Each structure stands twice: as C-alpha cells, then as structure tokens.
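Undergrad: Start from the sequences and build out the full structure, keeping to the hints where you can.
As a plain string of letters, each chain reads:
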Amino acid sequence: MTKPWNTLVQRPKKNRYRWLIYLALAAVYVWAFSGVPFTGIKETAVQITKSIVSGIFSPDWGFVYLPEGEDLLRGLLDTLAISVLGTFISTLLCLPLAFWAAVNMSNSRAISGSGKMLLSFIRAVPEMVLALMFIKAVGPGSFAGVLALGLHSVGMLGKLFADEVENMDKGPVEALLSSGANQLQILWFAVLPQVLPGFLSYMLYRFEINMRSATILGVIGAGGIGTPLIFALSTRNWDRVGIILLGIVILITIIDLISGAIRRRLV
Amino acid sequence: MNTNKSLPHPKPPSKLKHYLTAAIVILLLWGSSVQTEATMGELIEGFPNMFDLLAEMFPPKWTYFDNIVGAMLETIRMALIGTTIGAILAIPVALLSASNITKSWWLRHPVRFVLNLIRTIPDLLLAAIFVAIVGIGPLPGTMALAVFSLGLIAKLSYEALESIDRGPLEAMTAVGAGSLQRIWYAVIPQIQAHFMSFTLYTFEINVRAAAVLGLVGAGGIGHYYEITLGFLEYDKTCVIILFTLGIVLLIDYSSTKLREKLL
Amino acid sequence: MIELRNVTKLYPNGTKGLNQINLTFGEGEFIVIVGLSGAGKSTLLRSINRLHDISEGDILIDGKSITSAKGRQLRLIRRNIGMIFQSFNLVKRSSVLRNVLAGRVGYHSTLRTMTGRFPERDMNLAFEALNRVNIIEKAYSRADELSGGQQQRVAIARVLAQEAKIILADEPVASLDPLTTKQVMDDLKKINLELGITTIVNLHYVDLARQYATRIVGLRGGQVVYDGPVAEATDEIFAEIYGRPIEEDELLGARRA
Chain R
2 MTKPWNTLVQ
12 RPKKNRYRWL
22 IYLALAAVYV
32 WAFSGVPFTG
42 IKETAVQITK
52 SIVSGIFSPD
62 WGFVYLPEGE
72 DLLRGLLDTL
82 AISVLGTFIS
92 TLLCLPLAFW
102 AAVNMSNSRA
112 ISGSGKMLLS
122 FIRAVPEMVL
132 ALMFIKAVGP
142 GSFAGVLALG
152 LHSVGMLGKL
162 FADEVENMDK
172 GPVEALLSSG
182 ANQLQILWFA
192 VLPQVLPGFL
202 SYMLYRFEIN
212 MRSATILGVI
222 GAGGIGTPLI
232 FALSTRNWDR
242 VGIILLGIVI
252 LITIIDLISG
262 AIRRRLV
Chain U
32 MNTNKSLPHP
42 KPPSKLKHYL
52 TAAIVILLLW
62 GSSVQTEATM
72 GELIEGFPNM
82 FDLLAEMFPP
92 KWTYFDNIVG
102 AMLETIRMAL
112 IGTTIGAILA
122 IPVALLSASN
132 ITKSWWLRHP
142 VRFVLNLIRT
152 IPDLLLAAIF
162 VAIVGIGPLP
172 GTMALAVFSL
182 GLIAKLSYEA
192 LESIDRGPLE
202 AMTAVGAGSL
212 QRIWYAVIPQ
222 IQAHFMSFTL
232 YTFEINVRAA
242 AVLGLVGAGG
252 IGHYYEITLG
262 FLEYDKTCVI
272 ILFTLGIVLL
282 IDYSSTKLRE
292 KLL
Chain S
2 MIELRNVTKL
12 YPNGTKGLNQ
22 INLTFGEGEF
32 IVIVGLSGAG
42 KSTLLRSINR
52 LHDISEGDIL
62 IDGKSITSAK
72 GRQLRLIRRN
82 IGMIFQSFNL
92 VKRSSVLRNV
102 LAGRVGYHST
112 LRTMTGRFPE
122 RDMNLAFEAL
132 NRVNIIEKAY
142 SRADELSGGQ
152 QQRVAIARVL
162 AQEAKIILAD
172 EPVASLDPLT
182 TKQVMDDLKK
192 INLELGITTI
202 VNLHYVDLAR
212 QYATRIVGLR
222 GGQVVYDGPV
232 AEATDEIFAE
242 IYGRPIEEDE
252 LLGARRA
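Chains as they are written, first to last, in the working numbering: chain R, 2 to 268; chain U, 32 to 294; chain S, 2 to 258.
In short, the hints are calculated from the structure, not lab data.
If you're wondering where the values come from, they're calculated on a predicted model, not measured in any experiment.
Do not rely on the hints blindly, as some may be mistaken.
What the hints assert, rightly or not - Subject to a maximum C-alpha distance of 25 Å in a straight line, what follows is the list of computed DSS-like cross-link-like pairs (lysine-lysine): (1) S:LYS93 <-> U:LYS46; (2) S:LYS17 <-> S:LYS93; (3) S:LYS139 <-> U:LYS48; (4) U:LYS186 <-> U:LYS134; (5) R:LYS171 <-> S:LYS191; (6) R:LYS171 <-> S:LYS93; (7) U:LYS48 <-> S:LYS190; (8) S:LYS191 <-> S:LYS139; (9) U:LYS42 <-> S:LYS93; (10) U:LYS134 <-> R:LYS117; (11) S:LYS139 <-> U:LYS46; (12) U:LYS46 <-> R:LYS117; (13) S:LYS139 <-> U:LYS42.
To be verified - According to the in silico footprint, chain R covers these stretches of chain U (three or more CB under 8 Å from chain R): (14) 51-64; (15) 77-87; (16) 186-192; (17) 269-283.
What the hints assert, rightly or not - Just some of the chain R residues that point at chain U, by a computed CB distance under 7 Å: (18) ASP79; (19) ILE83; (20) ILE90; (21) LEU93; (22) PRO97; (23) VAL139; (24) PRO141; (25) PHE232; (26) LEU234.
C-beta atoms are modelled at their ideal positions from N, C-alpha and C, and glycine is treated no differently.
TA: Next up, the structure:
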C-alpha cells in the first residue's frame, strides 16, 4: 500500500471565515487594552491591602452589637428584611406578567412577545439606578431599597416564571377544559399546581441574588449594611471593614445553605 | 350516581405543616416590613413624586449623548477585560475544584472554600474595596469584575466538568496518558463549548454590572448617574438609562445568539 | 344521543382530517372506533367535545349543537361529556382526591372551587368514584406516586365524579401493559353497563375492540368505511379498514404471548 491517505479521505476544509473571526477578536482586545490607563495605582495600594487583610483577621468585635443602634447585627437584619420584602413584591408583580409573556397562555405571538419585551426592558434597568430614583420618590432609607429590588427582580423572575409556564404539561389543561371548567378554574386546578414548585424555587433563587444586591444598596443610601461599610471604607476604619465583610460573608453563606436546602426539597 | 350511602372516607393527612409554613412566611414578611419601615402610605405619598420624576425625564436631552459615549465604551472595555481575565483564572480553579479531575480532598476542598467565599461578595462591594486600595478609575472596576467572573465561571465550569462523560477519561488512562494529557485530550474537548457559553453569559452580566460600578468610583458610565441626578438634570439621566438599555439589550441579544450556536 | 352531520375537518395545511362523516350514537352504546394512526380517530373524538373545531357540518349532543355553542353554553354541554386520555392528563403533583374533584368544577362558581370548599355531596361522589375503580385507599397520595394503570383509573374516577352522560376515551390503554389494559377496559365496560353511560373508545388493538365493543366504527382516511355491530366485523372487514391484513402488533394477544 503506497497510496497516500489523503486520496482516500479528504481533510475537511476549515471554515474560510475562521481567520476573520480571530482577527476581529484580536482587534477588539487591542482596542480594549489600549484604553485602560494602567498608571493610576496609588503607591499606598500594598499598604492598604495589608490593612484590610489584617482588619479581617482582627475585626472590630465591638461593632457587632451597639446599644444605641447602627451596628452590624441591625445592618444585616435590615439587609435581610430588604431582600425578603423585595423578593415578595417582585413575585406578586411578576405573576400576571409571566402569564402574559408565556406563549401557551395566549392565542397570539404578539401578546406574549410584547410581554417578553417588557420583561427584558425592566431587567435592563439596574437596581442601583432604580434605587436612586426611588430615593427621590420616598426618601433615602430601606424602603427605597425594597422598592428598587422589588421592581428590578420582576424582569428576571418574570422570564423564569414564563419559561416554567411554557414547559408545563398541557394534558391537565385539556382534561379540565373537556370537563366544562372556565379559564380561571383551569388556571387554578391545572396550571398553578404544576408551576407552583418551580415558581417557589425560582423565587428562592432570586432571593439569594437579592441578598447580595441588598448589601450594596446602602452605598447610595437605600438602606442595609452597605451604609456603614462605605462609611468605614472612606474613614479607613479597616477593622470595621473587616467585621462587616465577615458579617456579610457569613449571612449570605447561611442564606444560601437554607435556600438551597429548601429548593432541593421542592423539585 | 347514587350518593345517599356515605362511604367510609380515608382520613385526610394533617395540614399542620402547611399552617406552620404559612405562619413562618407571614411572620417573616411582617418582621421585614417593620424593619424596613415599609408602609403603603409612604408608597402612595411618594408615588406622585415618582411621576414628577418621570415627567421631568422626558423629553430626553439627546445632545448629552456625546458626553457619555466615551464612558460607555469604557464600560464595555471594563466588562470585556474583566470577563477575559476572570475566565482565564477560572480554568485552573475549575479543574482543581472538580472531583473527577482533582482526586485529592486536601487540594479540592480548600479551593472550593475560597471559591464559595468569593461568590458571596457582590461585584459592587468588591469594586468599593478595590477603589479603596488602588484609587478611583476603571482599574478597580475591572479588577472587581475579574474576581466576580472568576467566581461565577469557575463555579459553572466545575459543575459542568463533574458531569462530563467518564469514558474518554478512562480511555486516556488506559493508553497511559499523564494527567495533563488526559485533561487535554479527554476533558477540554468535552467542556470547551460550555466554557465559552459560560464566559459569554458572564460577559452579559458584567456589562450590566459595569454600568453601575461608577457609583462607587470604579469607572464606567455609572459615575454620570450621580452627576446628573445630583444636579437634578433628569432629562440627561434619561439619556444615560436609554443608552445603557440599548447597549445591554444589543449585547444580550448577540451573546444569546452566539451561545445558541455554541451548544 | 350524539349526532354528527356531514362533519368535515380541514387542517390549515389543506389535508382533510375528517371527510363528510355522518354518525348517530345512541344512549348506552359501547362504541369502539378503529383505524390506522392518522385515520382521524382522535380528531373525530376530539370534535365531539370540541377540543377541536370542525370546518363544516354540525355535531348535536342531545339535540343541542356544540358546534355553535359559546361560553357558558359550551361549558354546560362539556360538563356532560367526560374524557379519558392516553396520557391520563392528571396533575401529577396534586393529590388523587384533588384530581377527582377537578371533575366537579364545572358545577360550581369559580370562587367556590378556588377556595377548595367542595360540598359534602361532591366529596361523597369523589370517594364513591374512587371506590368504584378500587383505589379509594390512594385518595390522599400524590398522583405521580401511582402506577400507570392506577393513574388511568383516577382519570376514570374523575369522569365518574363529573357525572358525565357520555365518556370519550382517546386510546385509553395505549401506554399500559396488557394486564392493566384489561383492568382499565373492564372498568370502562362495567361503568357502561351499570350506569348506562354512552362510551366511545378509540382503540388500536383489533382483539380488544372485538372483546368489549357493542358496535364498531372503522375509519380510513377520515371517512367511515365500516359501521355496524361487532358480530359482523369479520377479519375481512378489518382488513378493509386497515387497507391490508391485520398485523401482529394490532393484536394485544400476540404481545402477551
């Protein structure tokens, strides 16, 4: 056998535009890196990093509880409350939107399409921007944070809920329809029992995300642990920064564990 | 059907668990509204303010667009570089966290612990810390996004790694390959499409995140929210929101299309 | 009584699902509809309770046209027609009892059913229906904890609780094994005989059709090619309905062997 293999099997041609894609990618990265000024590092950077690290290892335990308030525990409690209420409000708000956006709940694609558009529109406005606007409306404080999370979460939650509705088994709907049930009864007996566990699971998932968001709302004055944190950072009170970071990490870890355990039981 | 005779009904199960759950949820909500001082009254009172605000936002002051194009490009750059660095760093971390690749408990679990730790800290918080360390500008923002991306991509990747087909791994062991060779020939081909998809997904998230990092001084367009809102120039704020919205939707759309092609 | 007059169903792509069907089903009959898949069996059944709309003709249930009924009127007609599906169509996460009670919602106001306060009589009906299909002890189990045969019996109980005068069963045993097939078919036959409920069943298996039916309707290409008592439906007739001799997989007995 002296036949060269490539007369038997032709090597598949690579995509001719492949190199174009690589070139474009390279151009994008050159543009990206050329724009970043790498000159602005403060000489004190190493010093501050050391201080923060040592702050985490020698936290300001006195800040955990202060009799006059504005301490770590109350800050964390506030953060928790903001995300609980925010998640609850967004769940209520997104229920009708989810059914609006689900393809199998309406006869026309235009209806569900417009619902989906609205949801991605809501999702695209960052919660921090919403918080800034709600502060203008109801004044600074936790309530503005609640409203911001409540409205922003509707975007993602509504999308997930709509997906859940679209993935349900339509058999029970048919069964109820053929027994003479009306639309509301079909919703109640055939649709909701199927989608509720999924809804709850997504709600908890969003709650985990909202916990993280709620820790930073305070940076702009919308309540929670973020306010004392940004204050400690700007006054270079590294021991206090340390205890607050520690508090946030522990709280979020606990919430994740509890929420994850409930979610596993739901499905 | 004849229903006069009453059949012995089986005993219904206890509903105590449901009542307890309901009680806990109501208690949680009530406690939360007390803690946050959330009241319907305040919301209704504040609502007119909301509408005033919205009314002042329109018509948007389109000429302001020129002032913020540069900042928007910076935002995208930050997201791009942050995601890339995070993705590169995520590769070894993911490999070290996956139980079917790293057999040593003493190596795997400390890495996972650090990974979980990173994932508890939100991106804006990271940015605030980096601003304190390196000073104001896009650099701390990029660093924050890189760390955040590392956490997310590494988590998603190691979960995907643990669910890959074991067959090729065993085959490579059978032909006597070393661990790097096994990763190269048996793991990478199975995981690279997922990895790219996770990276694109993280990029989407990072663009949204980068848009607000400026609020803590970490560069990008977020800084302009503070300026315009501070001077009560809501028509300018509106331009920023609409511009961000357009960019985010555009990037989401193209990224989603790309990801569909990948998988 | 069910009357189909010149019923034609055109699909959007132009194919004729049903072609000029004229049939009358009397009270208490046990009719089995046979035919190849795609012959229009399912379309015919689903037209009777208007899960599918027909393009031409009229369908009368006890003298009332379901074709032109709207809203509440349509729901009232549907309330008298129970349907059993190949895939059971139970809410898998709900309890068996709740699935059976779902058959009662057509009788009550929306608010009353949503608060879950079904009257005592409904509860009795539901338990009696479960008792009739021998799964009363599963009343508070989740539907997905039951086997396929048990789930289909829950679906039958749902139709019984509905107090339907007509039962439509669309391939009720297609996803069951031979033993549970017999149980489910026996249940349907028993209900037909004891309660006098008109029963129309789509079946794939020729031997099952012969065993249970009082009347057989053969469909081919959307048209009725046979309509008569079971005794006259010979092998030659079935061969004509199927357009070829009966094959092994159309006999349940063959599978059991």
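Undergrad: With reference to the structure, classify each hint as holding or not holding.
TA: Against the structure, the hints:
no.: 1; hint: S:LYS93 <-> U:LYS46; result: 20 Å, holds
no.: 2; hint: S:LYS17 <-> S:LYS93; result: 35 Å, violated
no.: 3; hint: S:LYS139 <-> U:LYS48; result: 20 Å, holds
no.: 4; hint: U:LYS186 <-> U:LYS134; result: 18 Å, holds
no.: 5; hint: R:LYS171 <-> S:LYS191; result: 29 Å, violated
no.: 6; hint: R:LYS171 <-> S:LYS93; result: 12 Å, holds
no.: 7; hint: U:LYS48 <-> S:LYS190; result: 41 Å, violated
no.: 8; hint: S:LYS191 <-> S:LYS139; result: 21 Å, holds
no.: 9; hint: U:LYS42 <-> S:LYS93; result: 21 Å, holds
no.: 10; hint: U:LYS134 <-> R:LYS117; result: 45 Å, violated
no.: 11; hint: S:LYS139 <-> U:LYS46; result: 17 Å, holds
no.: 12; hint: U:LYS46 <-> R:LYS117; result: 38 Å, violated
no.: 13; hint: S:LYS139 <-> U:LYS42; result: 11 Å, holds
no.: 14; hint: 51-64; result: holds (count 5)
no.: 15; hint: 77-87; result: holds (count 5)
no.: 16; hint: 186-192; result: violated (count 0)
no.: 17; hint: 269-283; result: holds (count 6)
no.: 18; hint: ASP79; result: 6 Å, holds
no.: 19; hint: ILE83; result: 6 Å, holds
no.: 20; hint: ILE90; result: 9 Å, violated
no.: 21; hint: LEU93; result: 11 Å, violated
no.: 22; hint: PRO97; result: 19 Å, violated
no.: 23; hint: VAL139; result: 4 Å, holds
no.: 24; hint: PRO141; result: 12 Å, violated
no.: 25; hint: PHE232; result: 11 Å, violated
no.: 26; hint: LEU234; result: 5 Å, holds
Checked against the numbered hints listed earlier, the structure breaks hints 2, 5, 7, 10, 12, 16, 20, 21, 22, 24 and 25; every other hint is satisfied.
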